[in-house]
Amino acid sequence: SQQGEEDPQALSIQEGENATMNCSYKTSINNLQWYRQNSGRGLVHLILIRSNEREKHSGRLRVTLDTSKKSSSLLITASRAADTASYFCATDFKNAGGTSYGKLTFGQGTILTVHP
Amino acid sequence: DAGITQSPRYKITETGRQVTLMCHQTWSHSYMFWYRQDLGHGLRLIYYSAAADITDKGEVPDGYVVSRSKTENFPLTLESATRSQTSVYFCASRRAQPGPVNSGIQYFGAGTRLSVL
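Protein chains in written order, with our numbering: chain A, 1 to 116; chain B, 1 to 117.
Keep in mind that the hints were calculated from the coordinates and are not lab data.
Treat the hints with care, since some could be wrong.
[As the list claims (entries may be wrong)] For each label pair, taking beta carbons as the anchor points, the in silico distance ranges come out as:
#1 His41(B) - Ser28(A): 30 to 38 Å
#2 Gln14(A) - Glu79(B): 44 to 52 Å
#3 Ala96(B) - Ala81(A): 17 to 25 Å
#4 Glu79(B) - Glu15(A): 42 to 50 Å
#5 Ala52(B) - Gly40(A): 15 to 23 Å
#6 Ala96(B) - Thr113(A): 24 to 32 Å
#7 Asp38(B) - Thr99(A): 29 to 37 Å
#8 Glu5(A) - Tyr10(B): 44 to 52 Å
[Claimed, not checked] Think about it this way: if two alpha-carbon atoms lie no more than 30 Å apart in a straight line, the pair counts; the simulated DSSO-like pairs of lysine-lysine are:
#9 Lys56(A) - Lys94(A)
#10 Lys57(B) - Lys11(B)
#11 Lys70(A) - Lys26(A)
#12 Lys26(A) - Lys94(A)
#13 Lys11(B) - Lys103(A)
#14 Lys11(B) - Lys70(B)
#15 Lys94(A) - Lys11(B)
#16 Lys69(A) - Lys56(A)
#17 Lys69(A) - Lys26(A)
#18 Lys57(B) - Lys103(A)
#19 Lys57(B) - Lys26(A)
#20 Lys56(A) - Lys103(A)
#21 Lys56(A) - Lys70(B)
#22 Lys94(A) - Lys69(A)
#23 Lys103(A) - Lys70(A)
#24 Lys70(A) - Lys94(A)
#25 Lys94(A) - Lys70(B)
#26 Lys26(A) - Lys103(A)
#27 Lys56(A) - Lys70(A)
#28 Lys70(A) - Lys57(B)
#29 Lys56(A) - Lys26(A)
Bear in mind the structure is a predicted one, so any value in this text is a computation, not a measurement.
Cβ atoms here follow ideal geometry from the backbone N, Cα and C, with glycine treated the same way.
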């Protein structure tokens with residue numbers, strides 16, 4: 001399966017601490033995206049990093065991408081109770097022609113709990 | 001700006017019945033997707049569509065049928081529901097972007113929770 005794998009499956013931290021989630025994948029990508037899902041809701045896009053980028057920031061989010069290791073990490077700094085959610089990585093794989101299939105493959109997610 | 005809406009939000013049905021889940025988007029996005037979300041499996045792609053009248057299978061298409069006669073609608077039909085199709089179903093859409101790398105962000109509906117008894 002091309003599906004990405006995420007770890008840890010669950011992460012429990014205190015408010016103010018940093019949270020790091022990791023994602024690994026198996027084949028070449030065009031980009032990798034991170035999504036957030038609050039309980040009972042749909043997924044919301046957080047950040048996209050392209051295959052030629054190594055690091056990207058958005059507010060308290062920092063994403064890194066290492067294409068040689070086929071892995072990415074999402075760092076949430078100074079976590080808040082409102083960050084409690086599931087976080088998913090999603091990969092846009094390259095097809096044989098080097099372009100996109102137009103679809104994403106999602107990992108199984110990391111459940112983050114931030115305690116006040 | 002309604003965005004992307006799914007209906008119904010909750011559905012209970014019986015084994016063997018036909019069920020149709022609706023998805024409607026107001027952005028005129030080219031691509032639309034159907035996923036199912038189950039504990040331990042994350043999101044799995046059922047079917048997707050690159051444009052009206054163009055659909056393709058995803059990872060878990062068996063037991064499902066889709067159609068896309070209009071850009072804004074992408075209904076998912078379970079022709080004969082089975083208990084294993086009890087799940088939360090999400091619809092998503094995205095723009096088609098020009099250029100050799102057709103990447104894009106997906107926008108999700110709120111989901112339909114389906115129980116097959």
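Checked against the structure, which of the hints given earlier come out wrong?
Checked against the structure, the hints that fail are numbers 1, 3, 5, 6, 8, 15, 21, while the rest are satisfied.
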